[in-house]
Amino acid sequence: DAGITQSPRYKITETGRQVTLMCHQTWSHSYMFWYRQDLGHGLRLIYYSAAADITDKGEVPDGYVVSRSKTENFPLTLESATRSQTSVYFCASSAGGTGELFFGEGSRLTVL
Amino acid sequence: GIQVEQSPPDLILQEGANSTLRCNFSDSVNNLQWFHQNPWGQLINLFYIPSGTKQNGRLSATTVATERYSLLYISSSQTTDSGVYFCAAYNTDKLIFGTGTRLQVFP
Chain A
1 DAGITQSPRY
11 KITETGRQVT
21 LMCHQTWSHS
31 YMFWYRQDLG
41 HGLRLIYYSA
51 AADITDKGEV
61 PDGYVVSRSK
71 TENFPLTLES
81 ATRSQTSVYF
91 CASSAGGTGE
101 LFFGEGSRLT
111 VL
Chain B
1 GIQVEQSPPD
11 LILQEGANST
21 LRCNFSDSVN
31 NLQWFHQNPW
41 GQLINLFYIP
51 SGTKQNGRLS
61 ATTVATERYS
71 LLYISSSQTT
81 DSGVYFCAAY
91 NTDKLIFGTG
101 TRLQVFP
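Going down the list, the protein sequences come from chains A and B.
When the first sequence is numbered by my numbering, its final residue is 112 and no position is left out of the sequence of numbers.
When the second sequence is numbered by my numbering, its final residue is 107 and no position is left out of the sequence of numbers.
Check before you lean on any hint, since a few could be wrong.
For lysine-lysine, the following DSSO-like pairs were computed, each having C-alpha atoms within a straight-line distance of at most 30 Å [stated by the list, open to error]:
{"no.": "1", "chain 1": "A", "residue 1": "K70", "chain 2": "B", "residue 2": "K94"}
{"no.": "2", "chain 1": "A", "residue 1": "K11", "chain 2": "B", "residue 2": "K54"}
{"no.": "3", "chain 1": "A", "residue 1": "K11", "chain 2": "A", "residue 2": "K57"}
{"no.": "4", "chain 1": "A", "residue 1": "K70", "chain 2": "B", "residue 2": "K54"}
{"no.": "5", "chain 1": "B", "residue 1": "K94", "chain 2": "B", "residue 2": "K54"}
Please keep in mind that the hints were generated in silico from the structure rather than gathered at the bench.
For clarity, every value in this text was computed on a predicted model and none was experimentally measured.
Construct the complete structure from the given sequences, taking the supplied hints into account.
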């Protein structure tokens, strides 16, 4: 039972580079989410998706791009990474809009 | 948008003590969850609790949606309970997190 997996778990990149964080879930959950966690800000929603080909902005979407061509995958792309995007990124999924949310193990991104 | 506030922000306990963590939310919610983030950063589901009371071992939770709060009770705390406890409230189809309660349990 793989559940929800994120890759890479750790990534160091430089300002201006493109970075993609992958998220894959095996539950066929319709909803998927990306959060970032920073000291002093808790968990903040970046983007979410209610189904394949449907995505919506969360609280802090600027600087990020998402896509959802398949139900099980929800990649998050930083098109031109900035130092302020150094954070821990969590992917999550749920069966419904208000269903129980399950998190991946997180991806720690450092932008130098 | 909805505001989710947790208290206290920090809690230090000796092993064996009991504690109550509170979560207030500013608007009606469709549902509520409690999570524990352990010292390794993993977010672990504790309760999915729109209303009423649930218990799981030494932990229990109560949500009173009409009064816009939820409580998490930890009894006979253990060092493994250390970490940050988050509540998160559903507003339409998005889960909004509180800033957490950091719990440290010492032997």
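Each hint tested on the structure:
1. For the given pair, K70(A) sits about 21 Å from K94(B) by alpha-carbon distance, which is consistent with the 30 Å threshold.
2. Note on K11(A) and K54(B): the hinted pairing is violated, with a Cα-Cα distance of about 39 Å set against a maximum of 30 Å.
3. Note on K11(A) and K57(A): the hinted pairing holds, with a Cα-Cα distance of about 24 Å set against a maximum of 30 Å.
4. Taking the CA atoms of K70(A) and K54(B), the gap is near 35 Å; set against the 30 Å cutoff, the hint is violated.
5. For the given pair, K94(B) sits about 23 Å from K54(B) by alpha-carbon distance, which is consistent with the 30 Å threshold.
When each numbered hint is compared with the structure, violations occur for hints 2 and 4.
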